[in-house]
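S.K.: Following the hints, position chains X, H and W against chain V.
Protein chains in written order, with the numbering used here: chain V, -18 to 330; chain X, -18 to 330; chain H, -18 to 330; chain W, -18 to 330.
Worth double-checking, as some hints may not be accurate.
Copies of the same chain look alike in the list, so a pair counts if it works inside one copy or between any two.
Straight-line Cα separation of at most 20 angstroms, EDC-like style, residue types lysine to aspartate or glutamate; simulated pairs [to be verified]:
(1) Lys109 to Glu69
(2) Lys256 to Glu321
(3) Lys106 to Asp70
(4) Lys(-5) to Glu5
(5) Lys54 to Glu205
(6) Lys249 to Asp97
(7) Lys54 to Glu201
What the hints contain is simulated information worked out from the structure, not anything from laboratory work.
Number of protein chains: 4
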Amino acid sequence: MRFASDNSGPVHPKVMEALATANEGWALPYGNDDWTRSAIEKVRTVFEAPEAAVYFTATGSAANALALATITKPYQTIFCTPEAHIEEDECNAPEFYTGGAKLTLVESQDARMDPDALAHLLEAKTGKNVHGAQMGPLSLTQVTERGTLYNLDHLRDLTAIAKRQGLPVHLDGARFANAIVALGCSAADMSWRTGADIVSFGGTKNGLMGAEAVVIFDPELAWEFELRRKRGGHLFSKSRYLSAQMDAYLTGDLWLDMAAKANASAQKLVAGLEKTDAVRLLHPPEANMIYASFPAAAHRRLSDAGAQYYPAPGAMDGADDTLASCRIVADWSCPDAHIEEFLGLVAGK
Amino acid sequence: MRFASDNSGPVHPKVMEALATANEGWALPYGNDDWTRSAIEKVRTVFEAPEAAVYFTATGSAANALALATITKPYQTIFCTPEAHIEEDECNAPEFYTGGAKLTLVESQDARMDPDALAHLLEAKTGKNVHGAQMGPLSLTQVTERGTLYNLDHLRDLTAIAKRQGLPVHLDGARFANAIVALGCSAADMSWRTGADIVSFGGTKNGLMGAEAVVIFDPELAWEFELRRKRGGHLFSKSRYLSAQMDAYLTGDLWLDMAAKANASAQKLVAGLEKTDAVRLLHPPEANMIYASFPAAAHRRLSDAGAQYYPAPGAMDGADDTLASCRIVADWSCPDAHIEEFLGLVAGK
Amino acid sequence: MRFASDNSGPVHPKVMEALATANEGWALPYGNDDWTRSAIEKVRTVFEAPEAAVYFTATGSAANALALATITKPYQTIFCTPEAHIEEDECNAPEFYTGGAKLTLVESQDARMDPDALAHLLEAKTGKNVHGAQMGPLSLTQVTERGTLYNLDHLRDLTAIAKRQGLPVHLDGARFANAIVALGCSAADMSWRTGADIVSFGGTKNGLMGAEAVVIFDPELAWEFELRRKRGGHLFSKSRYLSAQMDAYLTGDLWLDMAAKANASAQKLVAGLEKTDAVRLLHPPEANMIYASFPAAAHRRLSDAGAQYYPAPGAMDGADDTLASCRIVADWSCPDAHIEEFLGLVAGK
Amino acid sequence: MRFASDNSGPVHPKVMEALATANEGWALPYGNDDWTRSAIEKVRTVFEAPEAAVYFTATGSAANALALATITKPYQTIFCTPEAHIEEDECNAPEFYTGGAKLTLVESQDARMDPDALAHLLEAKTGKNVHGAQMGPLSLTQVTERGTLYNLDHLRDLTAIAKRQGLPVHLDGARFANAIVALGCSAADMSWRTGADIVSFGGTKNGLMGAEAVVIFDPELAWEFELRRKRGGHLFSKSRYLSAQMDAYLTGDLWLDMAAKANASAQKLVAGLEKTDAVRLLHPPEANMIYASFPAAAHRRLSDAGAQYYPAPGAMDGADDTLASCRIVADWSCPDAHIEEFLGLVAGK
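The following block holds chain V by itself, in its conformation from the complex (with noise of 0.2 angstroms):
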């Protein structure tokens, strides 16, 4: 029972497949191979932006520090909210790669940020001269941090209140393909349609070995992009490695049908979770991560079981009857058995 996180998951078979075609032959270094051309025009056709520049990393830290830096300057500050992996996960990468910009708190709910707020915060920040950060970039993350969903509007909403003051927009798309789906959009709807002007592009926890792109929607951005990859080491020589896994992963729709599978066995939980009276959902579970609390018995039974989950610190320890809460998280390979096993052990039966 894998519930743990969508990084814990193997690689499709499809990918390791394109990984071994991509590995026959010699390829020039850097990027100037085949493999990264075509995996290039696929994110571009995906996303509708034929003259977007389109980077690849390894890592979804690596593709947001970059694409923050590529827009936000040192002594500005970038809006996003508490609970953002920018903030929370990434231990400082986007002030060490900015050169020193701050990360200014929005009030969220649910994990979406509250679009007043964002407001407000921007207008106080206005009167502040050469003394305070200067404002920098609205960053937002679809699927949220806590498993649930900007509909259009919403992100229409924000991007709008950003852009009355002439400022840039990243999406933390590090989910994106899990949000598309359920929203049942497009690429295109979700992004600069929506008001983003860069978006890391997730796959990592989509069933690739470790490949991100950035799509930079102005091109004029490209070179400063590519520059501040390299200083940061995120450059690769072997570049084919990377570009394979993002081809495969946009032919055939395999991106979304991974993230399909991960939603519906997100909500097979979710439906699980909803008959078992004591489980309380924390958040709307909108994609494939669940927030619920549930009875430290039942933690108990989980854990003796070896079920692989976020409980809280401390979940294992109250009376049986207490609540603790615990993130839960699908990704594609789940087995429909680890999911019965894990409602039966949270139902008790």
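M.R.: Chains X, H and W alone, transformed into the frame defined by chain V:
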């Protein structure tokens, strides 16, 4: 004929196999997996350093920059040769990762640092007090950037000079295996026994997909390194795929076999080039990399035949017998037929 | 009527005299002069800290940023209030000087940090491992940015929470003298005896031309500070002119006399404001800074009379009896007649 | 006998007077005062640059680092001589303020940069693509760090080479006034007319207490500079005291008079030294700074008499007639009697 670099050939089949094996089932992320544990132990065994802290990165620039950042303060300067990869080919990655340290260039012959020049420079720095950059680590590259080697005495001399000032020593071993094979010594001989404190142990240029190890002989620096790796976006969630490469590399002498093959190919090239009167070797070719000059006519013949190597800018433009320089690199996968063909074209037969 | 800030009045005549005296003859640069030696000793005496390392800077932002950089790693976060000068008014100087550390905002009342909120946050950070920002120093401001004070118990509570986690404590004492006078305690009481490890000891807001001291109770940090000061461009060649200011400041209680005068002026303002029905004090005015709201009509009368203070944006625009907020600051040079006039205009007499 | 540096003499009485006058009454902080407005206009007039952005800092390192940071990207390199103050004497301040840019050393004679060496280096950098440091500004020092001067043609040659590559030019004018006086040209001639884009215009080494101007000929860079100055902790709240110094400096040719006096004193020293057989001038002493070597016996006589200057380490230790080098600097306040005494001791009379 692919002699442009040792980063353009395929990944060794045994490494691809290891990746396929590593792909079975689930694994905890961020290095909490069996492949990572196994690969770390193998590195420690090879280096005869059971206490060493060992970490994997996907690029050599990341390995170098993180290693240096772990032992350099932002107000210090790093001593290296003018040819050093960290000076010439990393777009200021060391300056970035150290938070603004300087690089001080020490005179070299054939890209080997001159001990007298180093001693002289360190002495001159001593009197600067708070005003000048403070003395930081010595960084040496083995195999050097011009294809030459330091023998162990030379290494010992240089590190002794640094250590008299209390300075730590970094070894950029992007081609560590090629050096070991050429010198016929052990990894321990060429690292901690001759004064290295931290090593970038390369794999990418020697048949891996993209994996290097940073070997830190003082385990007290481990946590500092881990935080800097994370902050640089170089901590892989799916670590097993880095580790599996390194594990296969150090299994059954694969790393030494590949390096031996690359070196032998280069020596065949050297032997052939030396038979051609018009060829001049620019530096002693002691491992798998050759710097040579030969007539523009030969460069044109190679170019017409589609040979891949690095001729100097304008090498094709001179009169037939104008000498023009180039770099030629052999990797593990180099077919003998390519060598024959290349030599034939140089010789004009 | 000059109540805009305590940085707009003249330098005290005794300080000007000291500068004139210091200007006689030659002096070795960079702090190797008698004025600097004398001023350092006076700071140590005032703080009852004979071993402390003491350095002078010309601005409070430099003092804060250098002090924090000396005790913060780039992968850490600094804990401060949302109102903190280092968060709000230094254009990312702390992020810059620390090499990219973060600031984490801790809830406050009247700009005093809430100990429970701090304890809660530190606990939450404990579980983040390598992924989150690591815990760095606690930074407190005394007098706070809203004109209130921590009493010594409150300081002790906060620093104890930090110290339980091994975190160092920085005190931003831009208005240190005003706090000392208001609390009736000693400099030692308000610094190392209540847990501060490093203090920005302000002078510029209290009658100096531009001089602050950084007081470091652990002398082992001295060299680190010196290098960072030099690298920041804050080492003055003609140091005697910074030191002479600080020397005069600490001679014959001048620093306390000026602060007492500033506080007394503010208390006269408070007493007068409290007599006017429509005035609301927004925070307890415990030193020389007052946050109040009163009717727009009063703001307009003040504005027409040329009074200098900080009304909130739009304060002049409302209906006559609309309350609008403002900041009023008194310094050592404030004439009583200005106070009378200001109060008369507020009261509408 | 004070010849150690031009930073150890007193502040000129007219500057002290200006400070006293500026101290009358209140003034708005952060540059919103009449003294600042007046001083800015005087700088613009001197430079014949009515549109120039002009800012004041208290140290030369701050002026240089902020000027360079305004025109350098973190992935670029700055071209300077091996003797440059920014390379040798600022403890990595340029690397810090630029966010990690590199300094590339260009060959020099008598600390004057060699145009051919510069041209050659820029050409070599052209082919590095994303891998090498990108080309950033050219930084020249006038008066050079060895007391020599560039004539205007030499300046023009160097800046033309930079400008052919589109690179901006910084002039470190810590001793700008001494150069102007020695060359007999105007400030405009020695800056924008010969290709400088941004100038550190020194005052501290020429009779001020601590004030430099940064003159930026492209006013579009003004805001970038202001933010970086604030972020560096170099924005003074009580700006009037920096500005009043600069205002007095540029009133009635005080700046030129002081520089002329310093240069004349140095020339008297040179004339005297040249009369002594055993003295060798190490560089042409063209302004107020002399590098010479003379017998150890003379160094000992000077030392015994308490003369302040910079003998090389060990200069006192040799046999009587062993030549040992030293630096001798004259400032505006140098009494003729000191010169006589110094020369007498060197000559051994």
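S.K.: Broken hints, numbered, in rising order?
M.R.: Violated hint (a single one): 6; every other hint is consistent with the structure.
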